[in-house]
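*Asks:* Now for the letters of each chain:
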Amino acid sequence: MIGFIIRRLIGIIPTLFFSSLLIYSILLAAPGGPEVRFAQNPKVTTAQIAAFRARWGLDQPIPIQYCRWIGVCNTMTGAKQLGDDPVGGLAKLFISEQGLPNFLPSGLGGGDNGALHGDFGYSSTNGQPVASVISGRIAATAILGGVALVVWILLALVSGVVAAVNRYGKADTIITIFNYVGFSFPTFWLGLMLILLFAGNLNWLPSGGMWDVREVPIFGTDEYTQLLRERPVFVLMDLARHLVLPVVTLVFVNIAGDSRFVRAAMIDALGQDYVRTARAKGVAERRVIVGHALRNALLPVVTNVALELPLLFTGAIVTETIFSWPGMGRAYIEAVSEYDYTVLMGILVITALIVVLANLLADIVYAIVDPRISYG
Amino acid sequence: MGEQNGAPAASAAGESGEDAYIRAEVEELEASPDYDVALESLGQWELAWRRFRKHRMAIVGSALFLTMVIAGVVGPFIMPFDLYKIPYPDIIDSFGRGPMLTHPFGETARLQWDVLMLVVNGTRLSLLIGVLASLIATIIGTIVGGISGYFGGWLDTILMRIVDSLLTLPLLFIVLVFTKFLGSGNWLSVTIIFGLFGWLGIARLVRAVLLSLREEDYVDAARAAGVGNLRIIFRHLMPNALSPIIVATTLSVAGVIIGEAFVSFLGFGVGPETPTLGNILSGSQDTIINGNWWWAFFPGAAIVVIVLGINFMGDGLRDALDPRAKI
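In the order they appear, the protein sequences are chains C and R.
For reference, each letter of the first sequence is one residue, going 121 to 496 in my numbering.
For reference, each letter of the second sequence is one residue, going 72 to 398 in my numbering.
The hints are simulated quantities; they were obtained by calculation from the structure and are not laboratory data.
There's no promise every hint is true.
Output of the computed footprint for chain C on chain R, the stretches with three or more beta carbons under 8 Å from beta carbons of chain C [claimed, not checked]:
hint	stretch
1	246-254
2	272-281
3	324-332
4	350-357
5	360-367
6	377-384
For every residue, glycine included, the Cβ atom is placed at its ideal position computed from N, Cα and C.
Assemble the whole structure, with the sequences as input and the hints as a guide.
*Replies:* Below you can see the structure in the form of structure tokens.
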């Protein structure tokens, strides 16, 4: 098992490499760029734009830019042009200031720039380090995604089991129709309708945001943490009120697939011989369903849930936009509209990493819950 | 006739339990309306159509979808309002007036567009984008999946790795970057992008079907008769993979419509000069909290009706095209 995990972890490296290379080259090959936001500004001259591009390294050949972004090349300006000095310039690119290959950890004499060293660069719109932009947002997204995930998995389990047990019955039909409707709802429209109904007409819940701006300081600041310590009930209730609508949106749209999945797995399990044996022995129906069928039906479900974990961090772009939730999805949309390539790259690569790790987790969990599986 | 031969019908008194069971089954089958059908030896499409007709959800879905198609095709021509003329309302109301006789779906805020006019025009373009992009995706997916599944080996490995890596690209990223190449805001370029990146699922599906089909005896027979590889793929194998392809194409129309609505709503897809069901919603968010619900409600409801119709239809098609299903 340990060997399997290690082999898979090593297998992640080329996947991430190709994924980041693909994203990076497509992004930089496209016309436009971070300087596009100066295009409408009459005070910005062409010379200033050229200086901006040079300072951000955007005038370099794309392979060098990528090489620097990932941290194999250094950022020293002395060795910047590919054509300058074919031997010395190229070789100097890969050597850190300490005279060793740049990709090594900085403690071992490598450089400290690039994704390999945990440095995703700086946002080209506000100059913040990308890592801090992302870490400031990831908590909010994890709260929203985590609550939504727990609710929708529980509901999917219950509705799937009920539908499977009453297959083709009334409950099954109702759940099926509900699932189809949920499946057909555009997320952004559902969010708008919920805002209209519960925030507009009924005025029960806030229409957006993560905290009440009049009462609570900004999430993530020390003041917020302090208030949370002093008046935990008040702050958590405030958070809960802001969570209701986005969570309902996410749950309603995402439950359909899982509910159908649980239903199919459960129908499969209910048709197995061991269920018939249990019934023949006179085991109570409730126990047959929960103890015998569901326990086995959970195997594929657990895997499916592990595969959905990345949604915690990435799946809520629309929901976060509609409800002004200060998470990764919003950061992504902002980076996209501002052509903030560094932030965009950081988000996309971290997303890819989470997806790959979730796939690995799914395999591991599957091996743990199903004793028949062995990965040698 | 045949009483002397001890025909079952004549010796009802002496028949065994099994005979009685068989007789009852035969009588029931003969009485059922499908009996003559079975004798006629129907083609698979006729059988599929019969199964589809009996699928209640499929019929409801087709009706919903057809209604929206008619609205989208005929609607723009019979609307009294012109999409290319800025509205000239009799009463200025920047908040937009609610549904009434002359504007059954109300008016938008600010410029006071007629929402019904926007919805029928948006329906037309959204449907067009959905169908066109799905067709492009199906053609590419069928070719790539067919080659990958039939030849296998390193060609298959390379093609599937490409599919895997393309699958990691988020939709919004793809649309954002590639509209820069093809012209942003242009509905045709959005269609092409959805077509060029929507084939991944269909390619995987066709590949999986062909991987099992290529081991069939009739493929060996065709190869022995000297039929070329491409002809085997597209003439002998593809017809057998047609049912899953049809279902996947149908469902992908719904996927494209929702995806396009999503990117256009955020302002990265089709521009406002050509209304789709997504981009006509994009201004409605700011006024919804003040009670202008009709602007956001009707275009979104149109999306739900179309997508629900397509999903029901796809489900019905899946059942109807399954040759193992009973009539």
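*Asks:* Can you tell me if the stretch 350-357 of chain R counts as covered by chain C, using C-beta to C-beta distances under 8 Å and a minimum of three residues?
*Replies:* With 3 residues close enough to chain C, the hint holds.
*Asks:* Are three or more residues of the stretch 324-332 of chain R within 8 Å, CB to CB, of chain C?
*Replies:* Since 3 is at least three, the answer is holds.
*Asks:* Quick check: do three or more residues in the stretch 377-384 of chain R have a beta carbon closer than 8 Å to a beta carbon of chain C?
*Replies:* holds (count 4)
*Asks:* Against chain C, does the stretch 246-254 of chain R show at least 3 residues with beta-carbon separation below 8 Å?
*Replies:* Coverage by chain C holds here, the residue count being 5 at a Cβ distance below 8 Å.
*Asks:* Take the stretch 360-367 of chain R, compare each residue's beta carbon with every beta carbon of chain C, and decide whether three or more fall closer than 8 Å.
*Replies:* Held - the stretch 360-367 of chain R has 5 residues with a Cβ nearer than 8 Å to chain C, which meets the minimum of three.
*Asks:* How does the stretch 272-281 of chain R fare against chain C when you require at least three residues with a CB closer than 8 Å, holds or violated?
*Replies:* violated (count 0)
This entry does not satisfy hint 2, going by the numbered hints stated previously; all others are met.
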